[in-house]
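Build the complex: two chains, separate frames, hints provided.
Chains A and F are the protein sequences, given in the same order.
Mapping to the working numbering: the first sequence position 33 is 33, numbers consecutive.
Counting the second sequence from 1 gives a position; the working numbering is that position plus 1000.
Please keep in mind that the hints were generated in silico from the structure rather than gathered at the bench.
Be careful, since some hints might not be right.
Under the rule of at most 20 Å between Cα atoms (straight-line distance), these lysine to any residue pairs were calculated in the SDA-like manner [claimed, not checked]:
hint : chain 1 : residue 1 : chain 2 : residue 2
1    : A       : Lys6      : A       : His18
2    : F       : Lys1013   : F       : His1135
3    : A       : Lys6      : A       : His47
4    : F       : Lys1383   : A       : Ala112
5    : A       : Lys81     : F       : Lys1187
6    : A       : Lys81     : F       : Gln1009
7    : F       : Lys1383   : A       : Pro130
8    : A       : Lys7      : A       : Glu68
9    : F       : Lys1187   : F       : Met1045
10   : F       : Lys1300   : F       : Leu1211
11   : A       : Lys81     : F       : Val1131
12   : F       : Lys1187   : F       : Gln1009
13   : F       : Lys1300   : A       : His47
14   : F       : Lys1383   : A       : Asp113
15   : F       : Lys1300   : A       : Phe132
16   : F       : Lys1300   : A       : Arg136
17   : F       : Lys1383   : A       : Gln34
18   : F       : Lys1383   : A       : Val141
19   : A       : Lys2      : A       : His50
20   : F       : Lys1383   : A       : Lys6
21   : F       : Lys1187   : F       : Val1131
22   : F       : Lys1187   : F       : Thr1051
23   : F       : Lys1187   : F       : Leu1056
24   : F       : Lys1383   : A       : Ile94
25   : A       : Lys7      : A       : Asp113
26   : F       : Lys1300   : F       : Pro1004
27   : A       : Lys81     : F       : Met1045
28   : F       : Lys1300   : A       : Lys62
29   : A       : Lys81     : F       : Asp1243
30   : F       : Lys1383   : A       : Val121
31   : A       : Lys73     : F       : Ser1123
32   : F       : Lys1300   : A       : Met133
33   : A       : Lys73     : F       : Asn1129
34   : A       : Lys62     : A       : Met35
35   : A       : Lys73     : F       : Thr1118
36   : F       : Lys1383   : A       : Lys62
If you anchor each label on the Cβ, the simulated ranges turn out as follows [stated by the list, open to error]:
hint : chain 1 : residue 1 : chain 2 : residue 2 : range
37   : F       : Glu1055   : A       : Glu140    : 54 to 62 Å
38   : F       : Arg1082   : A       : Phe132    : 51 to 59 Å
39   : A       : Met1      : F       : Gln1339   : 37 to 45 Å
40   : F       : Gln1359   : A       : Pro145    : 42 to 50 Å
Where is the CB? At the ideal position from N, CA and C, for every residue including glycine.
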Amino acid sequence: MKRFIKKLTVAAALRLVHAALVELRWLDPFVREQMEALPVGISYAIHTGHDAPTLYVQWDGKRLLRLEQAPAKTTCELRLKSLADSFLMFTGQIGLAHGYARHSFTMQGEIADVMRLARLVDRAEAYLFPAFMSRRILTEVPALPSSPLRLYGRLILGFLSRSYT
Amino acid sequence: MNPPFFEYQNAVKILCGDHALERIPDELRHLGAAHPLLLTDTMLMKLGIATIVAELMSEEGCPAAATFTDIPVDSSLSVVNRIASLFREHACDSIVAVGGGSVIDSAKGVRLVLSQETDDILSLSGVENLVRGRHVPFIVVPTTAGTGSECTGVAVIRNEAQDVKMEFLSPFVEPDVAILDARMTLKLPARATASTGMDALCHAIEAASCLQKNPLSDAHATAAISLVSRYLLRAVEAPSDADARLHMALAATLAGIAFSNSMVGGVHAIGHALGGVCHVPHADVMAILLPHVMRYNLSKADRSYAELLPYMIGMEAAAALPREQRAQALLDSVVGLTQKLHDAAGLHLRLRDLGVPEQELEHVAEVALNDGALIVNPVALDKERTLQLLRAAY
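Pulled out of the complex, with its shape left as it was, chain F reads as follows (with noise of 0.2 Å):
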């Protein structure tokens, strides 16, 4: 049923496959830029991921006009204000953000910092509260195939001072072209590739099942999920599978423009919530969180979960049951995919796996409370039932 009244929106090109890379310094040049900043960092520069989209850059003869390497794990207010330094103090004139979702999420912000032609980022934060700026032109090269960050209206940046991670929701975030090139995730380590492909599975899930879902978020979650299912564990198995590689992160993509139409829910609330207090990996906690803000989920998003088995399973096998067990037979299909990628990547399944201190987790409870991703969760969640599901996942 389509709800009455929905928003959509995704202003971002997609350039997907062979030598998409190749394409960058044209398309900065249509974008009217000569001077890139290259957003990256020294992980990726180290392993020579970073270094293949520099040195092409160069060759087709845009080359960055400075690099800023030193992005924290988690993006943080204070480097986004560095950076934007930077960028003025090397009169650059566009961005060029290669890196998984700290480096964009870095990147976006940097981005709204000059566009508002402001200082400080926390003068910006908000809702959809913004007027379009200045344009400066910015190009993003996810290295991971997760976060979708490159297709969404939503910069997720670290509060050091307060220990949250802080929301910045505009449409005005949004890059103007997202490269997805498969030479950019062969190197992904087996279980980050797991972890991230559970996070984009995650996005498509909360997307076509919180209150905000509308039947353009849901053809983008579907079609994700449908990829997902396919190519995941086949990534993670055979990770020079470039073929794998490219549809997990169109998937990603995918999942991206879905969530950043209808937000997300439960998982990513709590979960951003134990980024910020724990500093523990984003992909990991979405991995395990997902099952049992499912199960929680059940009794109000059968309906949503029920209509989408059929991209995780396949259309015959979710028509073989009957209508009142699909949305029991989606999560026991997640909590499988999961036990598939611990046996295959060795995928976290418990938050002490990540050494989240059990003393934390009633602060992670109050935390998650204050998150903007809870509104849209199909059920309410108190302080007392949200520490249930992280005990349940501990």
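One chain only, chain A, in its complex shape (with noise of 0.2 Å):
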């Protein structure tokens, strides 16, 4: 696959992954209880690669924002050693875990701060994927509280709104 699509794809499901958090916290009480303890101003950077999209979110103690560019301390950075890795961690062909298992990303920052974004992200992935690739990438499957019907409304009533900038 060209590296340009890979890039897009990339970039595709870092919004969505955003996008999807900002949703559950409404939608799971999982997902509030774990971002409402997030130490206020932490901040995190997921980069997938060389010349490749980064997605930079902050917790301000009431939402989950993405910001354009770094901000002036992030607390913790996540750094994909490839494209290639970002493209199979985002495409749900291997979860976090696995992806931890493979070497496949750095990290700057304290560990804590990973397995509190790590939490999240996997509670995502299990409404964005279906339910066959779920029990592929995440070590269990949680019971959802919401429908990931319901979320993809909110997401497409979302995005039409340009709600997640």
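What follows is the structure, given as structure tokens:
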């Protein structure tokens, strides 16, 4: 597959994961609890490879903001080792745990902060991917208190109204 | 079945056996060093164990340029920064660490601070995030047979401010040389021999059953399990048996190489949290938690456990069991070994025996969820199930 298609796919997946977390805060009590337990001001950067997209997010105590550029000091930086690794992870071919097991990324910051993010991303993936994929990439598929269709419905409305910028 | 991708690294030169200690000065010379900083703890100095190394180094023409012994039972970020300052003040050019996990992990932290040319180890926290810095020659002499820290790419250092144990994962914390000499563990008390040996067994079992397991780490893990099953009880019952001591030192090193290349799992995630919150000895906690977490993981780790059984109880005894009973048999053999070690040396079997306050269990469960080792445990753990495990072990 052409590199630019992989970059586009990864960029779209990053946006989708962020948007899903924003919506799941209102749909899933587990996500709400985990998100509201994040230290206020904590920020994450996810770099997906050389000359590939980066997602910057920050929890301001009320919202999980997507930032257009890096904050002054990023609390935790995840750096995928190649675009190929990013593509595997963001297209549901491997989960975060298997990505870790494959040494797919490096991390700058405290491991505890990555674990906080990992719980949220795992939960989002359980909604975003069909069950057969979730079973393959998650160590356990959680019982979901809300329907994935409901999430997708909210995501469509959210993207149409540009709610995630 | 092989994983679709794995990594393996072990760059440590291992000197194992008779008169290994006497080679330290020669190894330092080969590494281009002449002014080592000797790191150890006060107890090892009092027992005369660290002094054996110090004297041999002097006799062979490479005395310590400075010595630091004030290392606490749990290594800490501030102590690491303090030792790095001492290294610079005395113009040392290398590190020789003589001790157990705390001393070795502190030394690894110091090496990181010096090689990355910073003043604060906290600025280096992360996973595989560092580039190779300045080379600081580094020799490790373990005085327990358990941590395997002499051959691992991880340093576990306590963050006093947050009451948590932090992991620094980088291939650049690996020592240049590890010295395994039976003289270093001959005076280890029976109970400490038992608990540290169980720590090594725990490393091997978790390494060979977690999500990051791979054929090369499995090879080291299975060799470690064989040695533990043959020599641990012997070392406990006959403390002066140098052969048993050396084989246990080797078992710990093999298990260290195994888990350094495939991580650990739930036992260590919960154990690190218990150590951070309740300040209980790591090896004791590992011995207590191992059977409980194995039981919890049995549904998904059954195949791995079954494959480990021959190394634990022998090829013929394992082959005599039906395939579907072998995973449970491994768990039973681990429980049996801990009971024998309890009878022989007073190995603790419950968390309450270590003085863990029951009211802290919930906090421990919360902290455990943020430990990196949890990510590769074969079965997912949440707060409620972690708490159930802790209560079962209490």
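Here is how each hint holds up against the structure:
1. A threshold of 20 Å between alpha carbons decides the hint, and for Lys6 (chain A) with His18 (chain A) the separation of about 18 Å falls inside it, so the pair holds.
2. For the hint pairing Lys1013 (chain F) with His1135 (chain F), the CA-to-CA distance comes to about 16 Å; that is within 20 Å, so the pair holds.
3. The straight-line distance between the Cα atoms of Lys6 (chain A) and His47 (chain A) is roughly 14 Å, inside the 20 Å bound, and the hint therefore holds.
4. A C-alpha spacing of about 15 Å is found between Lys1383 (chain F) and Ala112 (chain A), which places the hinted pair at or below 20 Å, so the restraint holds.
5. The hinted pair formed by Lys81 (chain A) and Lys1187 (chain F) fails the criterion: a straight-line CA distance of about 46 Å is larger than 20 Å.
6. A hinted pair counts as satisfied when its Cα atoms are at most 20 Å apart, and Lys81 (chain A) with Gln1009 (chain F) qualifies at roughly 17 Å.
7. Restraint check for Lys1383 (chain F) and Pro130 (chain A): not satisfied, since their Cα atoms lie roughly 26 Å apart, outside the 20 Å limit.
8. At most 20 Å may separate the alpha-carbon atoms for a hinted pair to count; Lys7 (chain A) and Glu68 (chain A) meet this at roughly 17 Å.
9. Distance check on the hinted pair: Lys1187 (chain F) and Met1045 (chain F) sit about 12 Å apart at the alpha-carbon level, within 20 Å; holds.
10. In summary, the hint linking Lys1300 (chain F) to Leu1211 (chain F) is supported, as the alpha carbons are separated by about 10 Å, within the 20 Å threshold.
11. Restraint check for Lys81 (chain A) and Val1131 (chain F): the C-alpha separation of about 14 Å stays at or below 20 Å, so the hint holds.
12. Taking the CA atoms of Lys1187 (chain F) and Gln1009 (chain F), the gap is about 32 Å. The hint is violated against a cut of 20 Å.
13. Proximity of Lys1300 (chain F) to His47 (chain A) is assessed by CA-CA distance (about 32 Å); at most 20 Å being required, the pair is judged violated.
14. Note on Lys1383 (chain F) and Asp113 (chain A): the hinted pairing holds, with a Cα-Cα distance of about 17 Å set against a maximum of 20 Å.
15. A C-alpha spacing of about 18 Å is found between Lys1300 (chain F) and Phe132 (chain A), which places the hinted pair at or below 20 Å, so the restraint holds.
16. At most 20 Å may separate the alpha-carbon atoms for a hinted pair to count; Lys1300 (chain F) and Arg136 (chain A) meet this at roughly 13 Å.
17. Proximity of Lys1383 (chain F) to Gln34 (chain A) is assessed by CA-CA distance (about 12 Å); at most 20 Å being required, the pair is judged to hold.
18. With a C-alpha separation of about 16 Å, the suggested pairing of Lys1383 (chain F) with Val141 (chain A) holds against the 20 Å cut-off.
19. Taking the CA atoms of Lys2 (chain A) and His50 (chain A), the gap is about 15 Å. The hint holds against a cut of 20 Å.
20. At roughly 37 Å between alpha-carbon atoms, Lys1383 (chain F) and Lys6 (chain A) are farther apart than 20 Å, so this suggested pair is violated.
21. Between Lys1187 (chain F) and Val1131 (chain F) the CA atoms are separated by roughly 39 Å; this puts the pair beyond 20 Å, and the hint is violated.
22. For the hint pairing Lys1187 (chain F) with Thr1051 (chain F), the CA-to-CA distance comes to about 13 Å; that is within 20 Å, so the pair holds.
23. Of the supplied pair hints, the one linking Lys1187 (chain F) and Leu1056 (chain F) holds, its CA atoms being roughly 18 Å apart against a limit of 20 Å.
24. For a cut-off of 20 Å, the pair hint linking Lys1383 (chain F) to Ile94 (chain A) is broken: about 24 Å separates their Cα positions.
25. As the CA atoms of Lys7 (chain A) and Asp113 (chain A) are separated by approximately 26 Å, the hinted pair breaks the 20 Å bound.
26. Restraint check for Lys1300 (chain F) and Pro1004 (chain F): satisfied, since their Cα atoms lie roughly 19 Å apart, inside the 20 Å limit.
27. For the hint pairing Lys81 (chain A) with Met1045 (chain F), the CA-to-CA distance comes to about 45 Å; that exceeds 20 Å, so the pair is violated.
28. With a C-alpha separation of about 39 Å, the suggested pair Lys1300 (chain F) and Lys62 (chain A) falls outside the 20 Å cut-off, and the hint is violated.
29. A threshold of 20 Å between alpha carbons decides the hint, and for Lys81 (chain A) with Asp1243 (chain F) the separation of about 45 Å lies outside it, so the pair is violated.
30. With a CA separation close to 17 Å, the supplied pair Lys1383 (chain F) and Val121 (chain A) stays within the 20 Å bound.
31. With a C-alpha separation of about 12 Å, the suggested pairing of Lys73 (chain A) with Ser1123 (chain F) holds against the 20 Å cut-off.
32. The hinted pair formed by Lys1300 (chain F) and Met133 (chain A) meets the criterion: a straight-line CA distance of about 18 Å does not exceed 20 Å.
33. About 16 Å separates the Cα atoms of Lys73 (chain A) and Asn1129 (chain F), which keeps this hinted pair within 20 Å; it holds.
34. About 9 Å separates the Cα atoms of Lys62 (chain A) and Met35 (chain A), which keeps this hinted pair within 20 Å; it holds.
35. Between Lys73 (chain A) and Thr1118 (chain F) the CA atoms are separated by roughly 18 Å; this keeps the pair inside 20 Å, and the hint holds.
36. Of the supplied pair hints, the one linking Lys1383 (chain F) and Lys62 (chain A) is violated, its CA atoms being roughly 24 Å apart against a limit of 20 Å.
37. The given range of 54 to 62 Å is respected by Glu1055 (chain F) and Glu140 (chain A), whose C-beta atoms sit roughly 55 Å from each other.
38. A beta carbon spacing of about 54 Å between Arg1082 (chain F) and Phe132 (chain A) agrees with the range 51 to 59 Å that was offered as a hint.
39. At about 57 Å, the CB distance of Met1 (chain A) to Gln1339 (chain F) disagrees with the hint of 37 to 45 Å.
40. Between Gln1359 (chain F) and Pro145 (chain A) the beta carbons are some 30 Å apart, a value that contradicts the proposed interval 42 to 50 Å.
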